[in-house]
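Colleague: What follows is each chain in one-letter form.
There are 2 protein chains.
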Amino acid sequence: MKKENKEKDVKGITAEKDEFSEYFTELMIKADLVDYTNVSGCIAFKPVAYSIWEKIKEEVDKRFKEIGIKNVYFPLFIPEKTLMKEAEHFEGFTPEVAWVTRVGDKELNEKLAIRPTSETIMYESYAKWIRSWRDLPLLYNQWNNVVRWEFKNPVPFLRTREFLWNEGHTVYSRKKEAEEERDKILGIYKEVCEKYLAIPSLIGRKSKKETFAGAEYTYSMEFIMPNGKAIQGPDWHHDGQNFAKAYGIKFLNKDGKEEYAYQNTFAITTRILGIMFAIHSDDKGLILPPNIAPNKSVIVPIYFEDSKEKVLKACSVIAKMLKKYGVIFDDRVNYKPGFKFNEWEMKGIPLRIEIGPKEIEKKEVIIIRRDNNKKETVKIKDLKEKINEELEDIQNKLFDKAKKFLYGNFIECSSLNEVKKAIENKKIALAPLSKDEEIEDKLKFETGGAKVLNIPDEQPSVRGKCIISGKDADYYAYIGKSY
Amino acid sequence: MKKENKEKDVKGITAEKDEFSEYFTELMIKADLVDYTNVSGCIAFKPVAYSIWEKIKEEVDKRFKEIGIKNVYFPLFIPEKTLMKEAEHFEGFTPEVAWVTRVGDKELNEKLAIRPTSETIMYESYAKWIRSWRDLPLLYNQWNNVVRWEFKNPVPFLRTREFLWNEGHTVYSRKKEAEEERDKILGIYKEVCEKYLAIPSLIGRKSKKETFAGAEYTYSMEFIMPNGKAIQGPDWHHDGQNFAKAYGIKFLNKDGKEEYAYQNTFAITTRILGIMFAIHSDDKGLILPPNIAPNKSVIVPIYFEDSKEKVLKACSVIAKMLKKYGVIFDDRVNYKPGFKFNEWEMKGIPLRIEIGPKEIEKKEVIIIRRDNNKKETVKIKDLKEKINEELEDIQNKLFDKAKKFLYGNFIECSSLNEVKKAIENKKIALAPLSKDEEIEDKLKFETGGAKVLNIPDEQPSVRGKCIISGKDADYYAYIGKSY
Chain A
1 MKKENKEKDV KGITAEKDEF SEYFTELMIK ADLVDYTNVS GCIAFKPVAY SIWEKIKEEV
61 DKRFKEIGIK NVYFPLFIPE KTLMKEAEHF EGFTPEVAWV TRVGDKELNE KLAIRPTSET
121 IMYESYAKWI RSWRDLPLLY NQWNNVVRWE FKNPVPFLRT REFLWNEGHT VYSRKKEAEE
181 ERDKILGIYK EVCEKYLAIP SLIGRKSKKE TFAGAEYTYS MEFIMPNGKA IQGPDWHHDG
241 QNFAKAYGIK FLNKDGKEEY AYQNTFAITT RILGIMFAIH SDDKGLILPP NIAPNKSVIV
301 PIYFEDSKEK VLKACSVIAK MLKKYGVIFD DRVNYKPGFK FNEWEMKGIP LRIEIGPKEI
361 EKKEVIIIRR DNNKKETVKI KDLKEKINEE LEDIQNKLFD KAKKFLYGNF IECSSLNEVK
421 KAIENKKIAL APLSKDEEIE DKLKFETGGA KVLNIPDEQP SVRGKCIISG KDADYYAYIG
481 KSY
Chain B
1 MKKENKEKDV KGITAEKDEF SEYFTELMIK ADLVDYTNVS GCIAFKPVAY SIWEKIKEEV
61 DKRFKEIGIK NVYFPLFIPE KTLMKEAEHF EGFTPEVAWV TRVGDKELNE KLAIRPTSET
121 IMYESYAKWI RSWRDLPLLY NQWNNVVRWE FKNPVPFLRT REFLWNEGHT VYSRKKEAEE
181 ERDKILGIYK EVCEKYLAIP SLIGRKSKKE TFAGAEYTYS MEFIMPNGKA IQGPDWHHDG
241 QNFAKAYGIK FLNKDGKEEY AYQNTFAITT RILGIMFAIH SDDKGLILPP NIAPNKSVIV
301 PIYFEDSKEK VLKACSVIAK MLKKYGVIFD DRVNYKPGFK FNEWEMKGIP LRIEIGPKEI
361 EKKEVIIIRR DNNKKETVKI KDLKEKINEE LEDIQNKLFD KAKKFLYGNF IECSSLNEVK
421 KAIENKKIAL APLSKDEEIE DKLKFETGGA KVLNIPDEQP SVRGKCIISG KDADYYAYIG
481 KSY
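In the order they appear, the protein sequences are chains A and B. Using this note's numbering, you'd call the opening residue of the first sequence number 1 and step up by one each time. Using this note's numbering, you'd call the opening residue of the second sequence number 1 and step up by one each time.
Treat the hints with care, as some may be off.
Repeated chains share a single entry, so a pair holds when one copy, or any two copies, can fit it.
Capping the alpha-carbon separation at 20 angstroms, the derived lysine to any residue pairs in SDA-like fashion look like this [to be verified]:
hint : residue 1 : residue 2
1    : Lys106    : Met84
2    : Lys229    : Lys403
3    : Lys62     : Ser51
4    : Lys397    : Ala319
5    : Lys336    : Arg134
6    : Lys111    : Val146
7    : Lys320    : Pro294
8    : Lys308    : Gly449
9    : Lys465    : Asn153
10   : Lys320    : Lys442
11   : Lys55     : Gln142
12   : Lys106    : Glu80
13   : Lys62     : Pro294
14   : Lys57     : Pro47
15   : Lys128    : Glu343
No wet-lab data here; the hints were simulated from the structure. From a predicted model like this one, the values you see are computed outputs, not experimental measurements.
If we strip away everything but chain A, and leave its shape as in the complex, we get (with noise of 0.2 angstroms):
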């Protein structure tokens, strides 16, 4: 999620208070998965969710240390004067950054910038380090925290003015070389949300008009939302020689000449953990993917006051066999097995195993699925296999809603009134459009409020007509409302 620098126009306190802004942020609440604190649009991540993010950063990591990439740290602060050096990037950020100005009760000389992003506060040392083509590629990658003062109404995950990301710094010596990198790193994005957070996208190139501040080019990653609206995930940008003009990145090519050299910089923040949430939930709450679920399984005990020492005894014996299968046991005396039936769904575990004296004497259990409710017997001995086998399943089955979703959701459309019929219905337009910034707002103004997402590689072998100047289109466009 990089800045989207044409959006200012919006600003102020809009509060933007639709309906699935207040059932999510309920959601997220009552599955504890955060809590407000009382600074105003930060929340507190509670253990499951940060534990999801710590793996998807692993995940990550593991991934971008394969091709290379080495992680480094650097500072929060950003001069103003470093900040202020590409001024298209700087008017990007400039109205959502928060500034400090005094320490203790001293007033600082220089104020300094909370980072938004750290491209200006990096670039400042590449340029030093970078000397020679032997010196390139530079991979470098840093996990951190950055601010970026939303007006709008903030909601958990999705907007918060403070949030936690990567944010990937790559400098090249060729152009070629520097563009070649997309694929691994959107793939590596692709993988990590694919896999295990079952969710899939539109990935594409970003229109000029909504390109990162500074880049030439932007790639993104769209997710859909329940509501139907789209809402950006991980990105990838192309930045040509832009920054390394205005931060003097050069360095000696082989044949001893300077150049300016070429960035890319990405990254995937803790945005993704509210789109997985949003798209992986139903009525009753959460529903976890069991790749990214910390606890996979809960055993909840069934029992009367007879046969409670020997169903929790039982229960606690399996839980112990199972534990290293992500098989919790809810030994809570106080609480009913409704209750915790409730919570447990409320908090998306994929499985639950109820096992009551019956079921003992038989030596089997009962399982219930947290996607479809699916309930089955199974013998103890079976339990092991079955469980991982249901996991794996309910991972797919989980996968392959969302891809319905996705795809069932977006219209190829030919004529500007098939795009607001569309957008209408809370669905994403596939239309042709001209490249022109003013053919953008246009179409804006004429749905009230959508906007192109992307515009995906795998273009239609027909060139369309432009739906909103009728002229030979540029290309297919991703077209929707956005989150």
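Given chain A's structure and the hints, the job is docking chain B onto it.
Modeller: Relative to chain A, chain B alone:
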């Protein structure tokens, strides 16, 4: 490293530019661990330094999780009102707090502190989250960045205005149970420091004067730097009910009565990197303990033009074979071996492997240890085993040497004169003292700045006379100048 609140009397820019700081800073930059940025007092961690921090995090975090500690994430910002609730704590931090007062071009209604530590913001949430004895113990931790605007001369890792750390914040229903956590936490820090970083420490309780702002008592790990000065590393604090009372952290006990909870906090910071780098270094540069070194051995090819191809090829084959043992290959053809030797010695790689045409013919290589320069010829078939043997031995020898230095560096004293002499000779004194704060002030004055580092649990069996007052002492304490 928590705030030593009574240090504030030495405020303003004191620019304590001792020789050690200059030597150390030069070393950190030459060894490619950090670079300055143009944010005063903040550094950029380069890949090797950051990967060492990642390893420390990983080892500590794994052990935390084994004892049931869970990670969370709280906001970077703390509203002024929240920070002020525990008066002593607030006073201890406020001169060093960085304040955000504006966003974009708008002044904020309430200024926000950048967290110097997160007790205050976390405990407001704890007060909401904790209801009953069943919610306890609550064992939460976060890994994050904090800011304390030091006015002393900044030194990479050892004294920076932003640093990275863990902050554990645990809550118990019983004081005894809370206090029993101490050995577990300090045991984890100690194990990681000794087993990976090869640095021994003096563990003990802080004197009242040096106790963390808001805590009932503090335990610290103190390390001795090559210049004879002590420096505080990880610490653990028992807060009693101080914060619980200020923030309203209450629970219903088993009898249904309301009680205030007991709390602890603990931390290890990126300062530990600096301590390790300082302890294991010599005139040639850094010496990295093999267990923490990201690269453990480097192959340097030695050739003339006629043997170049053959040597490079052989080295590459051996490097591939031994990659998983942390062996890297310096295949840069534009640098001479002598240059490479110096560079890798500066960077502290534990083992160097030299391979030339003669060695290839005899199917052997030469290995050189960084710690003692020992040179040995090894058959290639024995290399894997030999490398592991030598690395293990280097790890042990570095730790032995550091222990010898530590234990050789303190002197039992029974009079002020003896203590003065010890301090003059850059040693640490173990001497009997009264617990009065005034006594400590006098001690500091008399010794030209030495202070109580900490008070070991294991005390001499005889009770000494306080070296200042002459009365019966309360304890034997470690006394020394502190970094």
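Colleague: Each hint: holds or not?
Modeller: Each hint, compared with the structure:
Only between protomers do Lys106 and Met84 lie at most 20 angstroms apart by alpha-carbon distance; the minimum there is 18 angstroms, versus 24 angstroms within a single protomer. Taking the shortest Cα distances, Lys229 and Lys403 sit within 20 angstroms of each other inside one copy (15 angstroms), while across copies they are farther apart (62 angstroms). In the homo-oligomer, the alpha carbons of Lys62 and Ser51 lie at most 20 angstroms apart both inside one protomer (16 angstroms) and across protomers (13 angstroms), since each shortest distance falls under that limit. Proximity of Lys397 and Ala319 under a CA criterion of 20 angstroms is satisfied in neither setting, with 26 angstroms inside one chain copy and 45 angstroms between copies.
Within a single copy, Lys336 and Arg134 get their C-alpha atoms only as close as 67 angstroms, which misses the 20 angstroms cut-off; across copies the closest is 16 angstroms, which meets it. For the homomeric pair Lys111 and Val146, the shortest alpha-carbon distances inside one copy (17 angstroms) and between copies (18 angstroms) are both at most 20 angstroms. In this assembly of identical chains, Lys320 and Pro294 lie within 20 angstroms of each other by CA distance solely inside one copy; the values are 16 angstroms within and 36 angstroms between copies. With identical chains, the CA atoms of Lys308 and Gly449 are never at most 20 angstroms apart, being 59 angstroms at best within one copy and 66 angstroms at best between copies.
For the homomeric pair Lys465 and Asn153, neither the shortest alpha-carbon distance inside one copy (38 angstroms) nor that between copies (65 angstroms) is at most 20 angstroms. In the homo-oligomer, the alpha carbons of Lys320 and Lys442 never lie at most 20 angstroms apart, since the shortest distance is 62 angstroms inside one protomer and 59 angstroms across protomers. Both within a single protomer and between protomers do Lys55 and Gln142 lie at most 20 angstroms apart by alpha-carbon distance, with minima of 16 angstroms and 15 angstroms respectively. Within a single copy, Lys106 and Glu80 get their C-alpha atoms as close as 18 angstroms, and across copies as close as 16 angstroms, so both meet the 20 angstroms cut-off.
For the identical chains of this complex, Lys62 and Pro294 are neighbours both inside a copy (19 angstroms) and across copies (15 angstroms), given an alpha-carbon limit of 20 angstroms. For the homomeric pair Lys57 and Pro47, the shortest alpha-carbon distances inside one copy (15 angstroms) and between copies (17 angstroms) are both at most 20 angstroms. In the homo-oligomer, the alpha carbons of Lys128 and Glu343 lie at most 20 angstroms apart only across protomers (19 angstroms), although the nearest pairing inside one protomer, at 55 angstroms, exceeds that limit.
Of the numbered hints stated above, those contradicted by the structure are hints 4, 8, 9 and 10, listed in ascending order.
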